[in-house]
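Given the coordinates of chain A, assemble chain B with the ligands onto it according to the supplied hints.
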Amino acid sequence: MIISILRAAKFSLQDIARNVWLSIVTVLILVLAFFSVNLLLSVQVISQAAIDTVRDKIDVSLYLKTDAPESEILALRAAISGIENVREVIYVSKQEALEDFQTRHKNNPDILEALRELDSNPLSPSLIIRPNDVNRYDGLIAELNRISNPIIESRNFDDHKLMLEKINMITERVNQAGFAVSLLFIFITLLVLYNTLRVAIYTHRSEIAIMRLVGASDWFIRAPFIISSLLYTLIGVVISGTVFYLFLNLLQPYLEAFFLNYDFNIIHYFQSNFAQFFILEFAAAAAINIIASLVAVRKYSNI
Amino acid sequence: MITLENVSKTYPPNIKALDRVSLSIKAGEFVSLVGQSGTGKTTFVRCLIGEEKPKEGKIKIGDWDITKIGKREIPYLRRQVAVIFQDFKLLPKKTLYENVAFALEVAGKSNAKIKSIVPQVMKIVGLGAKMHRYPNEVSGGEQQRAAIARALVYQPKVLLADEPTGNLDSINAQEIIDLLKKINEFGTTVILVTHNRDIVNRLKRRVITLHDGRVISDQAVGKYVL
Ligand SMILES: Nc1ncnc2c1ncn2[C@@H]1O[C@H](COP(=O)(O)OP(=O)(O)O)[C@@H](O)[C@H]1O
Ligand SMILES: [Mg+2]
Numbered sequence: 001m002i003i004s005i006l007r008a009a010k011f012s013l014q015d016i017a018r019n020v021w022l023s024i025v026t027v028l029i030l031v032l033a034f035f036s037v038n039l040l041l042s043v044q045v046i047s048q049a050a051i052d053t054v055r056d057k058i059d060v061s062l063y064l065k066t067d068a069p070e071s072e073i074l075a076l077r078a079a080i081s082g083i084e085n086v087r088e089v090i091y092v093s094k095q096e097a098l099e100d101f102q103t104r105h106k107n108n109p110d111i112l113e114a115l116r117e118l119d120s121n122p123l124s125p126s127l128i129i130r131p132n133d134v135n136r137y138d139g140l141i142a143e144l145n146r147i148s149n150p151i152i153e154s155r156n157f158d159d160h161k162l163m164l165e166k167i168n169m170i171t172e173r174v175n176q177a178g179f180a181v182s183l184l185f186i187f188i189t190l191l192v193l194y195n196t197l198r199v200a201i202y203t204h205r206s207e208i209a210i211m212r213l214v215g216a217s218d219w220f221i222r223a224p225f226i227i228s229s230l231l232y233t234l235i236g237v238v239i240s241g242t243v244f245y246l247f248l249n250l251l252q253p254y255l256e257a258f259f260l261n262y263d264f265n266i267i268h269y270f271q272s273n274f275a276q277f278f279i280l281e282f283a284a285a286a287a288i289n290i291i292a293s294l295v296a297v298r299k300y301s302n303i
Numbered sequence: 001m002i003t004l005e006n007v008s009k010t011y012p013p014n015i016k017a018l019d020r021v022s023l024s025i026k027a028g029e030f031v032s033l034v035g036q037s038g039t040g041k042t043t044f045v046r047c048l049i050g051e052e053k054p055k056e057g058k059i060k061i062g063d064w065d066i067t068k069i070g071k072r073e074i075p076y077l078r079r080q081v082a083v084i085f086q087d088f089k090l091l092p093k094k095t096l097y098e099n100v101a102f103a104l105e106v107a108g109k110s111n112a113k114i115k116s117i118v119p120q121v122m123k124i125v126g127l128g129a130k131m132h133r134y135p136n137e138v139s140g141g142e143q144q145r146a147a148i149a150r151a152l153v154y155q156p157k158v159l160l161a162d163e164p165t166g167n168l169d170s171i172n173a174q175e176i177i178d179l180l181k182k183i184n185e186f187g188t189t190v191i192l193v194t195h196n197r198d199i200v201n202r203l204k205r206r207v208i209t210l211h212d213g214r215v216i217s218d219q220a221v222g223k224y225v226l
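Note that the protein sequences, when read in sequence, are chains A and B. Going by the working numbering, the first residue of the first sequence is number 1, and it counts up by one from there. Going by the working numbering, the first residue of the second sequence is number 1, and it counts up by one from there.
Bound conformation, chain A alone (with noise of 0.2 Å):
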């Protein structure tokens, strides 16, 4: 069994060796098949973190009076926390308030100088709430509406919701595109890699039916394909992996330029992501060959 298993490997070896150019231009289809797959699930990936970024700054601001004592913003604070769908309710002091309102202004030597011509801080605390669904945005306003509080001095409401309802329709439109596109290309990957198969395969018809006259059984006609297989599905994954990687190298900062001030990092994701990748991508083009080889052996069996 194991000398077996020993001269599949050894058949294997030798055979993509000594089609060596059969062997290339397989391993490069593979490649360029990972590659696109890859390419696709990070467009995905960025348009989605782009449209969660745009989301994430949809908030409403409660202007609060100047002369507020913090305990009361606290209870304040406490009492929005409690509502349904606030997912995070920020305090921005007095202070803060007016260190935003300077770095803001930084290259602007004016309104700094007026600022400094004022005793006091002119600025007013504030309370910002982030909804958890923004989808359900109305009722979260109608009900900051409600409260009453003697410390809230305005309440700027704009008009988020036309706004929204743009974000909304994109997403929509994203989506509906991306898997559109994934469908697509998911096909014509399968199709690519059945054909390069196909083609491989066939090339070794008068061999499969040579192992079957001197006696080989199916398994061992078998091994050395699937093992050949799993072996340009391995190196296929490792090269689209290698140069996707360098490629996402290429692409970050145009992407940190994109997501200003928003922690997104496509490297990254594709670290932590990356053994999910590659065992899924691995698997699935795997399973193809093998069952591409299993079919093809029991077709071109006959001398």
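Just so you know, the hints here were simulated from the structure itself, not pulled from any lab data. Glycine included, each C-beta is placed from N, C-alpha and C at the ideal position. Treat the hints loosely; a few may be bogus.
One-sided excerpt, in silico: chain B residues whose CB lies under 8 Å from chain A [to be verified]:
#, residue
1, 53
2, 75
3, 78
4, 79
5, 89
6, 91
7, 150
A short list of chain B residues far from chain A (calculated; beta carbon distances all over 10 Å) [as the list claims (entries may be wrong)]:
#, residue
8, 26
9, 56
10, 69
11, 71
12, 92
13, 93
14, 94
15, 111
16, 129
17, 168
18, 171
19, 187
20, 196
21, 202
22, 206
23, 223
The following block gives chain B with the ligands in isolation, referenced to the frame of chain A:
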């Protein structure tokens, strides 16, 4: 040794390749099977190696009824009943040595055994010096010798040769026939399928003639009659 009883084989739609063939061949015989093309000679060979199942009749090799043979038993049958063809059927990406060794490797024979048997057989067929060449680097006659070497590694009881000289010039053909005679002298039953009149007439052995799937003549020391 080999007995056929009323063997018939029909291909779809309704081609009678073999029609109630009955004959028997004793161990150690050298039999020529002749006939025009399309008269069922290859079908006869394929039935004997278990590649085709006859529609009717019985084929026995020794006590073994190979019309009832299962797929798993075929590798064992191939070691008893070896076969060579007109087109050699060597693996093009393996050297002659590797082609011969392959037949032993698939059966799980040990490396030590393979290393001792293969060069010996290569020498018997006269390929000692060229065994590490690839098939496309040697002549047709030498390829056929390699195919014969591969057929011999299990010391089969029967060697079937289906027009083994069909692709060879007359000198190479005669050398292959001489090699088959030598193998026969070592005790292997040889069944030679051919339609080469000269070869058959020079052999002066038993000749069975097929026509339209039927045995029309069977002579102990035969001549090519068609
Ligand atoms: N696989 C097949 N399917 C259908 N007909 C076949 C097949 N193999 C052979 N035949 C037919 O059976 C007859 C005998 O063929 P074959 O045994 O190859 O003849 P020979 O070897 O004597 O030339 C021929 O008429 C041939 O066309
Ligand atoms: Mg024929």
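Evaluated hints:
Proximity of residue 53 of chain B to chain A is violated relative to the hint, the smallest CB-CB distance being about 13 Å (cut-off 8 Å). For residue 75 of chain B, the suggested interface contact is upheld, since its CB lies about 4 Å from the closest CB of chain A, less than 8 Å. Below 8 Å, beta-carbon pairs count as interface contacts, and residue 78 of chain B has one with chain A at about 4 Å; its hint therefore holds. The closest approach between the C-beta of residue 79 of chain B and any C-beta of chain A is roughly 6 Å, which is under the 8 Å cut-off, so the hint is satisfied.
Below 8 Å, beta-carbon pairs count as interface contacts, and residue 89 of chain B has one with chain A at about 5 Å; its hint therefore holds. For residue 91 of chain B, the interface hint holds, since its Cβ comes within 8 Å of a Cβ in chain A; the closest pair sits about 5 Å apart. The beta carbon of residue 150 of chain B is positioned within 8 Å of a beta carbon in chain A (closest approach about 6 Å), and the interface hint is therefore held. Non-interface status of residue 26 of chain B relative to chain A is upheld: no Cβ of that chain comes within 10 Å, the nearest being about 25 Å off.
With a cut of 10 Å on Cβ distances, residue 56 of chain B stays outside the contact zone with chain A, its closest approach being about 22 Å. For residue 69 of chain B, the condition that its CB be more than 10 Å from all CB atoms of chain A holds, with the nearest at approximately 13 Å. Look at residue 71 of chain B: its CB is around 8 Å from the nearest CB on chain A, not clear of 10 Å, so calling it non-interface is violated. Not every Cβ of chain A is farther than 10 Å from the Cβ of residue 92 of chain B; the closest lies at roughly 8 Å, contradicting the non-interface assignment.
With a minimum CB-CB distance of about 4 Å to chain A, residue 93 of chain B fails to clear the 10 Å threshold, and the non-interface call is violated. Against the 10 Å criterion, residue 94 of chain B falls within the reach of chain A, whose nearest CB is about 8 Å from its own CB. Under the 10 Å C-beta cut-off, the non-interface status given to residue 111 of chain B relative to chain A is violated; the minimum distance is some 8 Å. Once the 10 Å rule is applied to beta carbons, residue 129 of chain B is consistent with being away from chain A; the minimum gap is 23 Å.
The beta carbon of residue 168 of chain B is kept farther than 10 Å from every beta carbon of chain A, the shortest such distance being approximately 20 Å. No beta-carbon of chain A is positioned within 10 Å of the beta-carbon of residue 171 of chain B; the least distance is around 27 Å. Residue placement check: residue 187 of chain B keeps its beta carbon more than 10 Å from all beta carbons of chain A (closest about 21 Å). Every beta carbon of chain A lies more than 10 Å from that of residue 196 of chain B, the smallest distance being close to 23 Å; the non-interface claim holds.
Chain A leaves residue 202 of chain B outside its interface by the beta-carbon criterion, the shortest separation being 29 Å against a cut-off of 10 Å. At roughly 26 Å, the least C-beta separation between residue 206 of chain B and chain A is larger than 10 Å, which holds for a residue marked as non-interface. Here residue 223 of chain B stays apart from chain A, with its beta-carbon at least about 31 Å from theirs, past the 10 Å limit.
In the structure shown, a violation is registered for the earlier hints numbered 1, 11, 12, 13, 14 and 15, in ascending order.
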